[in-house]
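Colleague: Residue numbers (the working numbering), protein chains in the order written: chain A, 1 to 716; chain B, 1001 to 1121.
No lab work stands behind these hints: they were computed from the structure.
Don't take every hint at face value.
Here are the computed distance ranges between Cβ atoms for each label pair [claimed, not checked]:
(1) E1029(B) to Q368(A): 37 to 45 Å
(2) K1118(B) to E161(A): 34 to 42 Å
(3) D689(A) to T1012(B): 22 to 30 Å
(4) K1045(B) to I197(A): 57 to 65 Å
(5) E1029(B) to S670(A): 50 to 58 Å
(6) E343(A) to T1012(B): 18 to 26 Å
(7) Q123(A) to P1075(B): 38 to 46 Å
(8) E161(A) to T1012(B): 54 to 62 Å
(9) K1118(B) to E160(A): 32 to 40 Å
(10) T54(A) to K1045(B): 35 to 43 Å
Simulated crosslink set (DSS-like; lysine-lysine; CA at most 30 Å straight-line) [what the hints assert, rightly or not]:
(11) K233(A) to K1100(B)
(12) K1105(B) to K233(A)
(13) K174(A) to K1004(B)
(14) K679(A) to K580(A)
(15) K1088(B) to K602(A)
(16) K370(A) to K580(A)
(17) K652(A) to K669(A)
(18) K1068(B) to K509(A)
(19) K199(A) to K1004(B)
Idealized CB from N, CA, C, for every residue including glycine.
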Amino acid sequence: MDISQYAELFQAEAGEYMQVLNQCLLNLEKNPKNQEELHEAFRVAHSLKGMAGTMGYQHVTNIAHGLENFMEDFKSLEREPGPEIIDLIFEAVDLLQEALETPDQSTEEDQRKWDQLLARMKQAKDDGPSGNASEEAAAENMEDLFDLGPMDQEVLRQAEEQGSNPCVVEIELKEDTLMKSVRVHMIFKVIEEFAEIVKVVPPRQDLEEEKFEQSFRVLLILEAGEPEELKEKILQITDVENVNINLWNSEGKADGSESFLEDKDVETEEEPGEQIERPNETKSLVEDKKQPATEELDKEKASSDNKKSAASSGEQGQVSKAVDKMVRVETQKLDDLVNLVGEMVVARTRITEIGHGFNEDLDSTIDQLKRSITNLQDTAMELRMVPIDQVFGRFPRMVRDLCREKGKQVQLHISGEETELDRSIINRLSDPLVHLLRNAFDHGIETPEKRKEKGKNPEGSIYLNARHEGNQVVITVEDDGGGIDPQKIGELAIQRGVITEEEKKQLSKDDLVSLIFFSGFSTSEEITDVSGRGVGMDAVRNSIEALHGTVEVNSEVGVMTRFEIRLPLTLAIITTLLVKSNNQLYAIPVEVIRENVYLDAKEIKSIRGNPVVNLRGEVIPLHTLSSLLGFELNEMPDEECSVVIVEASNRKAGFIVDELVGQEEIMIKSLGSLLKGLKGIAGATVLGDGSVTLIIDVAGLLSEGRDYVEQNSIGG
Amino acid sequence: MLSKTVLVVDDTAFMRMTLKSMLEKNGYEVVGEGEDGVRGVELFKELKPSLVTMDITMPNKDGITAIKEIMEYDPNAMVIVVSAMGQKSLVIEALNAGAKDFVVKPFQPDRIAEALAKLEG
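Extracted from the complex, chain A is given alone in its bound form (with noise of 0.2 Å):
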C-alpha cells in the first residue's frame, strides 16, 4: 500500500487538471459571466485537493482547498468575478503549480507566499460589492432553510410546548468518504433510535443520491437520551468526521440577519482544511444558504469522483465509458515496445530476402507475417501519438500574462489543436514553439498606438497552427505585426560578420531573412533592440533540427511573419536511402533527399576551386559523402557518378556516392554517450543482415563550413 508508486501517475494527472485549470480561467476572464467554467474550475480543484490529500502533500492540499474555496465564493454569491478577482486566482493557480513541482516538500517561504496571498484573497471577497446583495440573500434564506411548512412549524412548537428539544444537528463526513449515501443511511438510522426526524437539509433524496458535499443538517426533536450521548453514537460511525448538535430556537430566526453579520467575519478566517466548531446556530445558517446554488455542481463532482475511483480500483461499478476505454501506461513501456516492434521491422525486412523462393507455403507465411508486422508498426506508432494540444494549451495562458506584463493586445489563434504527433518530438517541441511565440509577441506585434497609427486593428494577432501534411507535421506562427526587414538583417549580418557586403547584394530578401537562423547571429542581447528579431533564432533552428525537422521564415515588412516548422511524424524509425561511399554503407534521411541523379564527369563544373553541378539552372555544391565525413579528399570521380541531392536548412547540396542500394526502414539508435554529439551523425541502425550502419545528419554535415553563403554567392 506504498502511495509513492502512484506519485508519477500523480504528477501525469495534476499537470492535465492544471491545464484545463488555466483553460477555465481564460474563458472566464473572457466571459466573467459563464459559470461554467467557474463550475470546471472549481471541479478540477476540488479533484486536486482529493489527490493531493491522498498523497499526502499537505501544501498542495491547502492552496488548492483555499482555491476551491474562494472560487466557490464567487459561485453562491452569484458575484461576477472581476478581473482583480480573476488576477488572484492566477495567482494562486500559479503557486500551486509551483507547489506541484516538488509536491512532497514546501518551504517556508511557499507557506508564506501562500499565507500572503489567501490574505489578499480574503480581502477581495470582503472588499466586493457583494456584500449587501449575500446579505439580503442570506436573510432571505434563513427563513427559508428548512423551509418549514405549516405541519412542521406545528409539530415544532408541540415539541417546545411539551418540554422536548428540537435540535439542529449539522454531521460532516470525512472528505474522501466512499458511499456517502450508505453512511448517510447508517446516520440516520441511529438518530432514529433517539429523535424523530422533521426536516433534512440538504433533502434526504439528495443525500441519497450523494449531491452533497461532506455536510448536511437534520432538524429533529429529541425523544430519548441527551444531545451529547446522540453526538457520541453519530460519531461512533466510520468516516464521520464531525458532529454539532444545537438547539433550535425560533428566536434563532428572528435576529439571524444580525449575527449573521459578525459570523461573516468568523467563517472567512477559517484556515483551509481546518476544522472549526460552529458558533451557534446562526452559523449553520449560513453555511447552509449555499447549499442549493451548488446543488448541480455536486452532482458533477460526484459523478466524477465515482468515475476516478472506479477506474483506479478497476471495479465494474459505475466506471464511464469514456475512462474505460483509456488506460495509463508508462512511456518508458511504450517506448519498449516501439524498440522492439522497430527490431522486428528490420528482421522482416531481411526474412524476406532469405525465405523467398524456397517453398510456396514459406511465401504465403511471410507475405502474412509481413502484414502482421506492418499493422503491428502502425499501432504501435499511433500509440506514441499524441495531441499537439499538449503543447499548445498552455500558450494562451502565457500570451495572457506577456498581455498582462507589456501592455501589449494580442490575440492568440490556436487552430488543429487536435494534430498528432509522437510524444517524444512533442516535448522538445515546447521550448522553440515558445521562443518563437515570444519573439513574435515581444518583436512583431508593435504597440496598440503604434498599430494605430499605421491604421492596423490595435489587437495583434498570433495565428498558431497544426496540420498534417503528408508523412510530416507542420506548425506555423504567424503574426500582423511589423514584419523583418530584409536590409536591417543583411547589415545586421555584415557587422556580425556572417556575411560580407559582397554577399548581401546577392542575397535575395527570404534569404536575408533567413539570415537571422545563423548562430553569429543571436549571441547579442542588444541586436534586439535594433533589429527587433534574432535572439535565440539558431537555438530554435537546432532545436527543431534535431528533431529531423526544419524550419522557414517568411516575412512581409509592416504586415506579417510567419514561421514554418516541417517535422517528422516520428523520431523511431524512419525510411531511409542506403547509399555506398568509399565501401562504407550509410543511411541517408528520405525527408532530406530531394532527387537522385546520375551525372557525367563532364557536368561537374568548378568555381572557385569548388565542384558545383548546374541542375536545371540551379549551382549545386558538390561533395564526396566520405570527403563530408572527413574520410578522404574532396575528389570528384572522372566517371558518371550517383548523386543524392539533399537540402537541409536551406541549404542543397550533392553528395557523391559509389552505390546507391535502396531504400529501407531503419530504427535510429542513439551512438552511445561516447559518439554523442558528432557533427553529420544523426545515429546508427543495424541492418536486417546484422551490420551497423551510420545514419547521416544532413543538416548537421551542411551547416559545417560556410557552403550556405558559397551556394548563395554562386547562385545570385
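Given the coordinates of chain A, work out where chain B should sit on it, guided by the hints.
Modeller: Same frame as chain A, but now just chain B:
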C-alpha cells in the same frame, strides 16, 4: 475483547490475502478464510470469531444471505461488509441484515483500522 479473532470471507484469494495482511497489521488474528457464503457460515459456527469480514458477491451463497444466517445463529456477531464501489443498495441490505459497518474496495488501510477501532469501542 481478549482474542481479536477474525474470519475473512471473500471469493478471491487476492482479497483474502490483502485483508489478512491488513488485519494482522492491526493486531488481529485471522483464524479462518472462507471462499463463499456457505463456507463462511460453516466456519463462523466452527470458529466463533470475534469479527467477520464479508464480501457481498460470492458464488453458492451471497454475503447478505450469509450475514442473515450468521445473525440468526449469533445475534451479537460482528460482521463488517466488504463491498466494491457501486453496490450501494446491497450494502444497505447487508446493514439491514445486521452488518455493523462496511468498507469499500479498494481499501484505505487507515479507514479499515478506524472502522475496526470503532467497532471495538
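Colleague: If a hint holds in the structure, say so; if it does not, say that too.
Modeller: Comparing the hints with the structure gives:
1. E1029(B) and Q368(A) have their C-beta atoms about 59 Å apart, which leaves the hinted 37 to 45 Å range violated.
2. Under the hint 34 to 42 Å, the C-beta atoms of K1118(B) and E161(A), about 38 Å apart, fit the expected range.
3. Taking 22 to 30 Å as the suggested C-beta distance range, the pair D689(A) and T1012(B) does not conform, at roughly 51 Å.
4. Here the CB-CB span from K1045(B) to I197(A) is close to 39 Å, at odds with the stated 57 to 65 Å.
5. About 56 Å separates the C-beta atoms of E1029(B) and S670(A), a value consistent with the hinted range of 50 to 58 Å.
6. Between E343(A) and T1012(B) the beta carbons are some 38 Å apart, a value that contradicts the proposed interval 18 to 26 Å.
7. At roughly 60 Å, the beta-carbon separation of Q123(A) and P1075(B) lies outside the given 38 to 46 Å, and the hint is violated.
8. E161(A) and T1012(B) have their C-beta atoms about 58 Å apart, which keeps the hinted 54 to 62 Å range intact.
9. In this structure, K1118(B) and E160(A) meet the distance hint of 32 to 40 Å, their C-beta atoms being roughly 34 Å apart.
10. For T54(A) paired with K1045(B), a C-beta distance near 40 Å keeps the hint of 35 to 43 Å intact.
11. Annotation: proposed proximity of K233(A) to K1100(B) holds, straight-line Cα distance about 13 Å (limit 30 Å).
12. Annotation: proposed proximity of K1105(B) to K233(A) holds, straight-line Cα distance about 25 Å (limit 30 Å).
13. Proposed proximity of K174(A) and K1004(B) is supported: the alpha carbons are some 27 Å apart, at most 30 Å.
14. A hinted pair counts as satisfied when its Cα atoms are at most 30 Å apart, and K679(A) with K580(A) qualifies at roughly 19 Å.
15. Between the alpha carbons of K1088(B) and K602(A) the distance comes to roughly 88 Å, so the proposed pair goes past 30 Å and is violated.
16. Proximity of K370(A) to K580(A) is assessed by CA-CA distance (about 27 Å); at most 30 Å being required, the pair is judged to hold.
17. In summary, the hint linking K652(A) to K669(A) is supported, as the alpha carbons are separated by about 26 Å, within the 30 Å threshold.
18. For the hint linking K1068(B) to K509(A), the alpha-carbon distance of about 89 Å lies beyond 30 Å, and the restraint is violated.
19. Note on K199(A) and K1004(B): the hinted pairing is violated, with a Cα-Cα distance of about 41 Å set against a maximum of 30 Å.
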